[in-house]
Amino acid sequence: MEKIISRHFDQENSHRLESYLKDSGYEGARKALTEMTPEQVVEEVKKSNLRGLGGAGFATGTKWSFIKQTYKPKYLVINGDEGEPGTFKDKYILEQDPHAFIEGVIITCYAFGSHKAYVYIRGEYLKSIERLQAAIDEAYKNKFLGKEIMGTPFHLDVVVHQGAGAYICGEETALLESLEGKKGFPRLKPPFPAVSGLFGCPTVINNVETVTCVAPIILKGSDWFSKLGSTKNGGNRLFCVSGHVNKPGVYELPNGTTLRSIIYEHAGGIRGGRTLKAVIPGGISAPILTPDQIDVKMDFDSLKAIGSMAGSGGIIVMDDTTCMVWAAMIASRFYAHESCGQCSPCREGSGWVYRNIKRIYHGEGQTHDLTHLPGIINNIGGNTICAFGDAVTMSIGSYVSKFRSEFEIHIKEKKCELCMKKQGIVESYAKINH
Amino acid sequence: MPKLTIDGKEIEVPSKTTIIQAAEKLGIVIPRYCYHPALPVSGNCRICMVEVEKQPKLQIACYTMVANGMIVKTNSPKVLEARKTVLEFLLVNHPLDCPVCDQAGECKLQDYYMEHGQYDSRLDDTKVKKEKKAFSIGPTVMLDQERCILCTRCVRFTDNITRTNEFGVFNRGDHSQLDVYPGKQLDNNYSGNVVDICPVGALTDKDFRFKCRVWYLDKTKSVCPGCSMGCNITVEWDKSRPHQDKKTRVMRLKPRVNPDVNDHWMCDTGRYDYHFIDKNRILTPQQGDNLISWDQAIDTMAQTIKPLKDSGHLNKIGILASAQLTNEDLFLIRKLFKDTLNGSQIDFRVPQSLGASDDFLLKADRNPNTAGADLILQPAEDADLRDIIQKARNGGLDILYVFGHDLVKLFGKNTVEEISKNVKLFIFQGSNVNETCGYAHLILPSAVYAEKDGTFINSQHRVQRIWPAFTPLGESKGDWEILSLLSAKIGAPISYPNSEEIFDDIASSLALFAEMSYEKIGDQGMMLWY
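Going down the list, the protein sequences come from chains A and B. Residues in the first sequence are numbered from 1 upward in steps of one, following the working numbering. Residues in the second sequence are numbered from 1 upward in steps of one, following the working numbering.
For reference, chain A alone in the conformation it holds in the complex (with noise of 0.2 Å):
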């Protein structure tokens, strides 16, 4: 199978220039500035397929064409924030590969005329911040970036900006406001970022990975992108496994590939041979999915129409052993703790659910909870500001919704025997109160 995205990645020094040169390194930026016009390379991208890999799916080409032409500024702002639970693939190309995606930014900057592009980085990624700012003064020191890129009369900027710990700062608008130096909050839209993004001007938006897969469409051509995946999901991804499986790791796949070839081919199956009990296939925000839905094939589409998402391909698997109500606890006290507080269904309503969740847990749940709480839950979404409402409701009511039985026993019995069995482990997380 061919890689694209981590083609890079088991080769010696693969974060230097050097290394990446010898591979054909940035010739698909010299082939867009030298040999195609902006224009031409937006449709290229658009026939490509390529969408969004941050978790919206977005079509990219799509979203460049937004930008008008103004009398601003236009910027290329890469979020790279990647704090959504079970994804850690922005980390490995940042690492691995700084030049790859150095490569794609330019390309994306000359397709829509920025001149200025700023990396926001989770602020936990020292190693990634580190590789990347060397990858970009070698970038400086050999043309790349700067003036006159390549000889070309094309310029262009890049700031790598550190963030400082909040999940919400990857919602974009709070990454703008974040990146101007205010509080994380999402703003209120309209207006979008490609009419009013950072510092009030037109912007664009991308993911570190959608932007990575950039300069191979350019240097390849869009149909041979579009083949490598499903029909209106072009190209690869990188598949973050982690949980009960024998291996957990980041696996580039075609997307469409199905998610139990990815579990069991790709990832080595459960461990110890046990049996799947429920996988989140994009992320922890994606609706959560039993084992007779595992043959869903993973690419934007597919997992939609079965009422979840690809998200950000962070696919978190959990076995027989798991206590699907510890489970959701862990998951909506994360919510609970990075809820921004801005609008009050999310604010209120996330630690509410969290409380009560915890409170079933705890043995300590009544049989109303069951007819108030999916409820709660669903009061939260669709009202509020940005797409985090969304998220709590659609993840936590999975939970609610498929393992009600196991929150019934809770409830009735006051504990679980899955529980009991993990006590240790269970006692430490208890110990940590929102």
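Hints listed in this document are in silico derivations from the structure and should not be mistaken for laboratory results. Heads up, some of the hints might be wrong.
[As the list claims (entries may be wrong)] Quick list of the computed label-pair ranges, beta carbon to beta carbon:
1. B:118 to A:247: 49 to 59 Å
2. B:120 to A:321: 35 to 45 Å
3. A:247 to B:164: 52 to 62 Å
[To be verified] Just some of the chain A residues that point at chain B, by a computed CB distance under 10 Å:
4. 252
5. 341
6. 346
7. 349
8. 358
9. 385
Cβ coordinates follow ideal geometry from the N, Cα and C atoms, glycine included.
Given the coordinates of chain A, work out where chain B should sit on it, guided by the hints.
Okay, now just chain B, sitting in the frame of chain A:
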């Protein structure tokens, strides 16, 4: 202009109008917490969500712009359900301390719960406890973090209106809490406004806290007499429960909306300067140390004035009028001392030291009616109130009639002592006791602005109406009424049944007031004709 339908009613509004504004024009008030017409939109409370046809999700009415052909429903089942939902979330961590909360009665959480909530509680979990309960955040305001619903109105007020940036929301999620920035205090001259805009009991006014339950308050429209800006205000008072707050009547002043003058705001200087209405008042006419009746007082005045009138020595009368008086009061001074007793010396322009001012509402001229006094009394340009004082000191005056000014403060004790010695009748007419009273031969108690019907003219030359909240305290009377009594006694009666007729007379005799009337001035004022 886009045309849209709200709850079945059609309306045409300018583009860039929001749904909440368009609905208001139809008389439909959509509930709101974070939305405030004078502040930037934040869209965080979500209570104003409405149904817009062809939109899958409910939209917030405070932010969504109208569009041609838009069909909006503000009371569909989906909308009503959403309101309930939002209220439920806002109340999840809100303490149930309504019985001891000073906001009770004017709390939007209470109001909307009764109007749109009324659900059965589903809360079995503990509430989040915020760090600080009631604590001082500045000289005038207290903050209760638990009661705060984080609508950020106060944050936006201090960020955008005063630009003093004291407030911030700290932490995340349901641990978010409102506070002032470390090392900062809410200490600007407009801090009282954050209490007005706070929809709940989070921000309360130290001056008003626990003085009176709001449902006992009566409200009277008025104009702040604190400076020449003439901010529109409401006097909030209570006479039914004299045991509370030491028998005072006025409990607080609140700004009243007037987009052309003060919009929604007023300064703290004006807001907290109302205690003089009930405290330190002169209650009865007084001659020397003796309390006398109004008849005796007016007689005393007439006995001194009449001989001067008959002998034509009218330049022996000196009048120190005041820009604190209403146009109606001033008009009677004009009629009595300029027309009837022509030759009296009149001025109102005290050599005041100007107060602090800013580029927002507070003006250095601390009088509400300088423009009115100027127009009605028309004092000679070169003359000065100091001339009258000089004359009074030298025995050049038989009568010095002072309206409210504290001459001791203005000219010093020695001067006033000399005046008291050398002037035959030194009259002080005013509402509150000051040092000058001690030197005056005759003290006449007059009403304060909250007891008067009349008009002021502010520095923009806008004529604005004040209304009497209650009758004058003790035996005090309105200034023009006292003058009217005096005029009758000296045989040149100037008589009016009420201040409205005085104003009608002003309107017909002064061109700048042409065709004005109380009705036309209304409660938003009217510009002078230039």
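Against the structure, the hints come out as follows:
1. B:118 to A:247: 49 to 59 Å: Between residue 118 (chain B) and residue 247 (chain A), where Cβ atoms are some 56 Å apart, the hint holds.
2. B:120 to A:321: 35 to 45 Å: holds (39 Å)
3. A:247 to B:164: 52 to 62 Å: Hint holds: Cβ distance 59 Å, inside 52 to 62 Å.
4. 252: violated (35 Å)
5. 341: holds (3 Å)
6. 346: Interface hint status for residue 346 (chain A): holds (8 Å vs cutoff 10 Å).
7. 349: Constraint on residue 349 (chain A) satisfied, holds at 5 Å.
8. 358: Where the cut-off is 10 Å and the nearest Cβ of chain B is about 8 Å from residue 358 (chain A), the hint holds.
9. 385: holds (6 Å)
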